[in-house]
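Using the sequences and the accompanying hints, generate a full structural model.
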Amino acid sequence: MNPEIIYFVCESGMASSIMGATILRKRLLECGITTDVKTCRIAELPDQASFIVGETQLVHRHVWKAHCSVHPVDQILDPTAYDVILESWQKRVRLHD
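Per my numbering, residue 66 is the first one in the sequence shown, and the count goes up by one each step.
Derived from the structure by calculation, the hints contain no laboratory data.
These figures come from a predicted structure and were not determined experimentally.
Mixed in with the good hints, there may be bad ones.
Unchecked claim - When the alpha-carbon atoms are kept at most 30 Å apart in a straight line, the in silico DSBU-like pairs for lysine-lysine are as follows:
no.	residue 1	residue 2
1	Lys91	Lys130
2	Lys103	Lys130
3	Lys156	Lys103
4	Lys156	Lys130
5	Lys91	Lys156
6	Lys91	Lys103
Claimed, not checked - Cβ pair distances, simulated, as ranges:
no.	residue 1	residue 2	range
7	Pro137	Glu109	26 to 32 Å
8	Arg126	Leu94	16 to 22 Å
9	Asp112	Thr145	27 to 33 Å
10	Asp101	Lys130	17 to 23 Å
11	Glu109	His132	26 to 32 Å
Virtual Cβ for every residue (Gly too), placed ideally from N, Cα, C.
Quick look at the structure:
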């Protein structure tokens, strides 16, 4: 199993990231995937973070490091908005197995 962490970011690290991370965790579990999903303010994102999810407007304003895989979400409360993220995570995990 891949020990990486998915970081769900927002401006304050409290509202939208918590809601989005909750939906993402549920979707991951529905697919049989257990991995850590953490929330944080975009300004406090750890240097080692490499798989990042956040609201489209927020992630497009930020300058990312080359090693980051950034996944924008248009509708945070829409569970189907996470389909592409789930596919990307599954591909990433398969590459590390």
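Tested hints:
For the suggested pair Lys91 and Lys130, the alpha carbons sit about 28 Å apart, so the restraint of at most 30 Å is met. Between the alpha carbons of Lys103 and Lys130 the distance comes to roughly 19 Å, so the proposed pair stays at or under 30 Å and holds. Our distance criterion of 30 Å between C-alpha atoms is met by Lys156 and Lys103, whose separation comes to about 20 Å. Between Lys156 and Lys130 the alpha-carbon distance is near 20 Å, which keeps this suggested pair within the 30 Å criterion.
For the proposed pair Lys91 and Lys156, the alpha carbon gap of about 19 Å is at most 30 Å, so the pair holds. The hinted pair formed by Lys91 and Lys103 meets the criterion: a straight-line CA distance of about 13 Å does not exceed 30 Å. The hinted window of 26 to 32 Å between Pro137 and Glu109 is violated, with their beta carbons roughly 19 Å apart. Taken as a hint, the range 16 to 22 Å is violated for the pair Arg126 and Leu94, whose Cβ atoms sit roughly 31 Å apart.
For the hinted restraint 27 to 33 Å between Asp112 and Thr145, the CB-CB distance of approximately 32 Å keeps it satisfied. The given range of 17 to 23 Å is respected by Asp101 and Lys130, whose C-beta atoms sit roughly 20 Å from each other. For the hinted restraint 26 to 32 Å between Glu109 and His132, the CB-CB distance of approximately 18 Å leaves it violated.
In this structure, the hints that do not hold are numbers 7, 8 and 11, in rising order.
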